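Protein chains in written order, with the working numbering: chain Y, 27 to 554; chain P, 1387 to 1689.
If you're looking for bench data, these hints aren't it; they were derived computationally from the structure. Since the structure is predicted, the reported quantities are computational estimates derived from the model, not experimental observations. Mixed in with the good hints, there may be bad ones.
Here are the simulated EDC-like cross-link-like pairs (lysine to aspartate or glutamate), alpha carbons at most 16 Å apart as the crow flies [to be verified]: (1) Y:K291 x Y:E324; (2) Y:K468 x P:D1432; (3) P:K1426 x Y:E270; (4) Y:K126 x Y:D136; (5) P:K1426 x Y:D436; (6) Y:K468 x P:E1431; (7) Y:K468 x Y:E496; (8) P:K1430 x Y:D136; (9) P:K1426 x Y:D430; (10) Y:K352 x Y:D288; (11) Y:K533 x Y:E512.
Take a look, some chain Y residues computed to stay more than 12 Å from chain P by CB distance [stated by the list, open to error]: (12) N154; (13) T155; (14) E159; (15) P193; (16) K468; (17) K530.
Simulated coverage check for chain Y against chain P, where a stretch passes if three residues somewhere in it have a Cβ under 8 Å from a Cβ of chain P [claimed, not checked]: (18) 62-72; (19) 119-133; (20) 141-152; (21) 199-211; (22) 275-286.
For each residue, glycine too, the CB sits at the ideal point set by N, CA and C.
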Amino acid sequence: MTKRLISTLLTLTLALSMLIPCAVAEDGGKMLRIIEKADPETLDVQLTTDSYCIPLNCFDRLVEIDTVDGQPQIVPGLADSWDVTEDGLTYTFHLHAGVKFHNGDPFTADDVVFTVNRMMDPTTLAKNTDVYERVAGAMDCLNGKADSVSGVEAIDDYTVRFTLIEPCDFFLSLLATPAGAIYNRESTEGAEDFGTNPAVCFGTGPFQVSQWVLGSKVTMVANPDYFRGAPQIDGVTVLIIPDENTQRMMFEQGNADVIDFDYAKTQLQWFMDNGYESQIVGGRRMGTYYLMFNTAIEPLDNVNVRKALQMAIDRQAILDAVYNGKGVVLNSFLPNGVPGHDDDAEVIPYDPARARELLAEEGYANGFDMELAIVADNPDLPVYTIIASYLGQVGVRVRINQMDSSSFYDIRRDGKLPGYYNHWSADFNDPDNFLYTFFSNKNTVGRSVNYDNDEIKALLDAARLMPDHEARIEAYRMIDAAVSHEDAVVLPMYQTEHLFCLSKRVKNFKVAWNGWSNMSYYTVALEG
Amino acid sequence: MAKYIAKRILSTIPVLLGIILLIFFMLNVIPGDPVTVMMKEHLKEDVIENLRQSMHLDDPFFVRYFHYVSGAVRGDLGMSWKLHRPVTSLIADAFPYTLRLAVCAALFSWIIGIPVGIISAIKKGTLLDHVSMGVSLFGVSMPVFWIALILQNAFMRVLPVSGVDSWKCYILPTIVLGWSTAGRIARLTRSNLLEVMRNDYIRTARSKGLSPAAVIFRHALKNALIPVITVMALQVSSLLSGAVITETVFSIPGIGSLAVTAINNRDMPLLQGTVIFTALIIIAGNLAADLLYTAIDPRIRVD
């Protein structure tokens, strides 16, 4: 009886396991194999604020941003050219004729109108509505007061016009963000699983998603009919590997072509020590590491105390120790490459003796207690401990408060988070994306800065509406000087490089203009 | 028997309702707003409000509980906030990978564990016994991630270390997952067999002049394996509910990986779904163990 039962069970389980089909390896020789730590949230860029890797390769935008002569510039995308009226309120885009979506549908101005309306439709539950929020009627649509966005219209098949409610010098930069991807009305409208089902996800981009095995890999194949010419590789396989050691071993085995050290921070030293140094490439991050002070918390409400803290930290030493010296120390909140960055900004010195003096002058000769907050799984914890030790040397006793991400963001939204160290990189190439985000009336509480300089905050509101580009940039320079120096509400730390290790067969690898992990692989070629 | 099974199945209903209530309550009391986690660096009040409404976060606790339970009864566990897919289909897609790994790991642990336990019992006190028990103790006590790392490093030239593309991908995770359970089974088989061997009926069998092999395999093993089989049944149900660490290290998109995604992203519907699924599997495993007991040992009756 027992024997029979056990043998039946064994046969059954064996048979059952045979029934489950095994995925078959399909990667050919010309597939670029990259690694991501987690699945993309969705392929629908309107619904995500971070899963941009695949959309950047499958969709195109009206205009694109690319590094030209070392500087990011707006270049034509699906629009060959555009006219802007003098008041900065009307943008007319002349679209490239003959572009086709992956399913063969022609791309026309109506697809642009559809895309904008879909983003602002409240039932879409889009997260990236700020791309179009200045288009006339867009906010009415989002708030349910209108059925469609009145400020976008198709003039003919290849001309589309946007009317804005106020001048926006960075409107083109917004359109060039991943969230500006243009969708196909025909296949997207009514497709409930658009974004999760590759079979209904059609863009105009150089690659098309052919398969998505959740938790395992996403496969993109080259679009031979791409309007700028077919890519030089057969496609891209995005391997989903959460474990950093496993990522490294996949590379060692020759099963991955690119290691992104943002996803494998713990492995960088191993690559440096094991003969891969010549294969490590870097690209400038268009971003700033910073230490933010909450100016509503005593004694950080005292500008001289903040200045003392700025002087107490040796930023170059941290850059060298933690980031292998790959980067530059910043003296302004706007990093190199972002318009308004001041090369000649006053240097914030590392001068602990002067910092102690300043603290003594303000009545803190014996230092004080302060808190720095961090999300529990943030790999930047070592930097926090170094900062705490520097501040300890001038008598400031720092308590590092590790909290879970929802508490961190919740408390920050209420303006009550103590100081924090973090990194901000450009979503779009404009100083507004840095300065308005942290110091404006609208955001300064939500970012727990509680900046109280009304003059600068008024200038921030005014600057975004200035039609004169040069005057705008000059205004941001002044704002940056105020927040980084005169009012010292933030300590700009450094701008680092984003490092990758490439297999020897990878050629023409070009880090994205803003140094993000999310990038286009259109230019990449594979040798051998 | 049929009445007993029906009774057991019916008794799972209040258990499940309680589990849902408990997880609902726990996710409700932990601090923080899931929408804030979702939006992270992006603060847009209009969008946040819109999302909160669509996720029914402002509804009273029991209204949400009732909605969830009434959906769950119809097989609708809601949409994953992070992965934008129905939770039921996510679980259905992930389960085959977990099933495959669980079946392989269970077979591995039985095929290794039971013979090793028998040999150790027969050769009690010899070097062989000490070595095999040492190895099983090692398997039971070593953390899974550590064994995984060591095996990956040792076999990376010949075996895949990640993915699910071919049957070879399952070799290392099977060993990692199966080793610790094999150790447990080997130790249990050995101790039970030794205990049974002291019984009168074994002495009788021996005195009849039966060969040692016949005594062990025909008389002793039958009784020694009863508790082992219970452990095996429970082990299968725990393997089927997902091996979080093994699946993460080897990038296997099973139930364990799904649970990790849910936890990392405060994805309540997905987390509730995986917990309920796990609970169901454990309940089913317990029931199977009880039924197996009665099938193997006629002395045990369920009713």
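Checking each numbered hint in turn, tell me which of them this model violates, lowest number first. Numbers 1, 3, 7, 8, 11, 12, 13, 14, 16, 19, 21, in rising order.
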